[in-house]
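So the protein lines, in turn, are chains A and B. Each step along the first sequence adds one to the number in the numbering used here, with nothing skipped, and position 112 is 106. The numbering used here runs 339 ahead of the 1-based position in the second sequence.
Because the hints were derived from the structure by calculation, they are not lab data. Beta carbons: idealized from backbone N, C-alpha and C, even for Gly. It cannot be assumed that every hint is accurate.
As the list claims (entries may be wrong) - To give an idea of the interface, some chain B residues facing chain A are shown, with a C-beta separation under 8 Å as derived from the structure:
no., residue
1, G354
2, L436
3, A451
4, D453
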Amino acid sequence: MLRWFFVSPAERRLLGFARLGGPTPWVIAIMTFSIMLIAATGLALANTAGVLSRAIESRYALEVPGGGANLEVLIAGVRATPGVTSVEAVPESDMRKTLERWLGPAAQSAELPVPALINFDVRPGADLNAIQIRARQIAPGAQLMAHRDSVAPLLNSLDLLQGVALGLVLLLSAAAAAAVVLAARGALDTHRFTIEVMHGIGATDLQVTHLFQRKIAIDALIGSIVGGLAAAAVLLLLAGGAAFAGEFTGGATLSLGDLAILALLPFALTALATWVARTAVLQALRQAL
Amino acid sequence: MAAVAEFDSVGLRYGTGAEVLRDLDFRLRFGTFYFLTGPSGAGKTSLLKLLYLAQRPTRGRIKLFGEELSEAPREMLPPFRRRIGVVFQDFRLIRHLSAFDNVALPLRVAGASDEDVEGPVREMLAWVGLADRASARPPTLSGGEQQRVAIARAVINRPELLVADEPTGNVDAEMANRLMGLFTALNRLGTTVIVATHDVGLINATPGAQLIRLENGTLVDPTGTLRNPPRSKSGSS
């Protein structure tokens, strides 16, 4: 399958231009660098969204306006409901501290009615209706809220950013492919005479194509490895900050699987460049007799 | 005798210009030596291009080695081209390759390994007197040396049809005789040879060769019967 890549020195001499002489490796290096950083960002965002989503997926809150005179009874009632795995009341002091951000010292005023808040987790399939009915029997004004509804705008933004990252990766890959097409056409123009001679003595399109395909594959491989190493260095430099972000978001950075995907990207880009070069050259050769 | 090439009402025009070749009807028989003559601009090079499949006719049919190829898909052509050796008027050597690599090219295109290439190429270079110039690149070779490399490349894989466009134009008389000796030797081994030339002396020195004469894009003798070489010794026609 890769026989075209491993050719004799004589065949290598047929296209006599120097390696790294043209812009192709450098264009591919820049594209790989950008694609890897964008892909890493997209993957980290996906992980953050995943961690956040998993953390709040089964978490609900009961809000009791005007505070909870029957708070202990309510907690016990919720805890006793089938499917509830944990219950935790948010202390009033924490609620007031949160409100202080918007209200200032007025948040500490006893005249300010602060609702009681009970967070609880449920197993999948738990009957939330039963929990709400039970809560309303104890505290008639109790409102059941899903945490995921509260953070939905944030999750939507994260989804959008992932989409943007994926779009950028695709756009940059397309730009790299376009650069390869231009490079292939340039190489064909430079070596038109050699191609004519080779065709004249019975070389097939595939034999000629393999020469260019190999040259561009090597250029793309060198470029993508250089770009990939540069991106890896930047990602390592950012690793400290990423670890901090990981703590902030609950541990979402890059998994081993993500690192494997990132490590494969330069090779994927090389494969794309090689395929594009092959297609472009074959198409161009079909114009001749 | 079977024909290596058959032209049937063949015409050729480039773009929208006038026809440079008209109503060509002739056959090249296997194992025969032909000279193609005619004044400059008569269409000799165009006819040779049709023969070595560098050009398709704009009308008529061409059969090579028994196959109708005038409208054959281009994927079909390479195996036929490998059976044809061509000596171009402008040599068409690849400048960045050594003389050795230029001569070896047809063998490599045909899939020969480096070991299989080495011996025959050295032998061929020695035969054309360029054994010590194997690693030289074309720009460092004289015109005559380049022509000899081009001839060595054309005959290295023992083609069934050898097409040569003014092959002795840049070599001295002694080398011209040696090269014609090579062509006639190949011809004796069964290769059909067609040489386009203005050199009447060359034609006279090759007994038994047949003559095809082109004028204004048409064959002067459309029957293609055996002709006697002209006896004139006055250079070009």
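Right, here's what the structure says about each hint:
| no. | hint | verdict |
| --- | --- | --- |
| 1 | G354 | violated (15 Å) |
| 2 | L436 | holds (6 Å) |
| 3 | A451 | violated (10 Å) |
| 4 | D453 | holds (6 Å) |
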